[in-house]
Amino acid sequence: MKTEKKKFSKAPIGDKVFIIFIYVLLTLAMLIVLLPLIYIVSASFSDSQAVIANEVWLLPVRPTLRGYEAVFKNKNILTGFSNSFFYMIVGTAVNILMTILCAFPLSRKEFTARNKVAMIFIFTMYFSGGLVPSYMLVNKLGLVNTRWALIIPSAMSTYFMIICRTYFINSIPDELYEAGQIDGCTPFKYLLRIVIPLSKPIIAVLTLYYGVGKWNSYFDAMIYLKDQTLVPLQVVLRDILILNKIDYTMISDASALAAQRGLTDLLKYSTIVVASVPVLCIYPFVQKHFVKGVMIGAVKG
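Per full-length UniProt numbering, the sequence shown starts with residue 1, numbered consecutively.
Each hint should be verified, as a subset may be incorrect.
Said to hold, decoys possible - For each label pair, taking beta carbons as the anchor points, the in silico distance ranges come out as:
no.	residue 1	residue 2	range
1	ASP239	PHE86	15 to 21 Å
2	ILE19	LYS189	49 to 55 Å
3	ASN115	ILE13	48 to 54 Å
Note that these hints are calculated values from the structure, not bench results. Glycine included, every Cβ here is placed at the ideal spot set by N, Cα and C.
Sequences and hints are given; from them, build the entire structure.
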């Protein structure tokens with residue numbers, strides 16, 4: 001810290017102004033991101049009447065757990081939770097498996113057609129079949145209204161596969177493959193015993209990216225799933241936030257109507273907080289791999 005202060009004190013005036021400007025800009029960006037999160041957490045613990053009256057700001061007003069009690073008593077939310085965990089765990093496992101199996105042969109020089117095959121993959125990044133043809137394909141495969149409709153069509157991201165391929169090319173020496181061949185190691189054994197253990201950083205980063213994507217995904221579920229017992233938590237949350245599936249015309253008493261609206265607001269904020277917890281718990285374990293993952297994505301393969 002002292003060294004940094006010395007460097008700052010000896011820096012030219014122009015550099016000092018630029019550094020201060022960057023710090024101010026980053027502080028403003030942090031506040032823009034952080035303040036809404038603080039409000040949501042505070043509102044989820046506040047009394048419903050305080051939320052309706054806009055009394056909540058940075059700290060909970062008349063703290064209560066009523067919103068969280070409503071969340072964990074709601075069967076749709078609990079079902080959505082279990083479904084989201086299934087899609088995230090199984091879907092991420094399939095994503096990582098397919099990504100590694102596609103990236104490895106495309107990283108080998110012995111595969112003479114690797115550049116042509118890679119171009120076919122890259123082509124799909126810029127030109128998709130479209131929503132209606134994709135739905136028709138999934139329907140023909142018999143996947144509509146099944147859990148696999150959210151897993152198989154999105155089994156691999158071409159962008160993440162290219163990143164993984166770049167890591168294999170730049171970080172794993174060819175001499176290891178040659179040494180393995182001398183010892184009678186097959187390509188599959190080389191992948192399993194050498195490549196994967198040496199690729200833990202990129203696998204950890206891609207696991208987080210895939211996992212967060214699966215956890216936050218809701219559009220595919222809205223298209224392919226009709227059975228409400230199969231929809232993920234994000235669809236349930238969307239219904240609460242946007243559609244607001246509570247019929248207020250069925251409530252004649254004004255005080256009961258106000259109480260119900262207050263409970264709905266609490267349910268919104270509490271569900272947002274609960275839905276964010278799993279991702280926040282996973283992030284610290286792979287944070288140390290993030291810088292390396294970003295640098296890999298910035299290098300051409």
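Here is how each hint holds up against the structure:
1. ASP239 with PHE86: 15 to 21 Å: 19 Å, holds
2. ILE19 with LYS189: 49 to 55 Å: 52 Å, holds
3. ASN115 with ILE13: 48 to 54 Å: 51 Å, holds
Violated hints are absent here; each numbered hint is respected by the structure.
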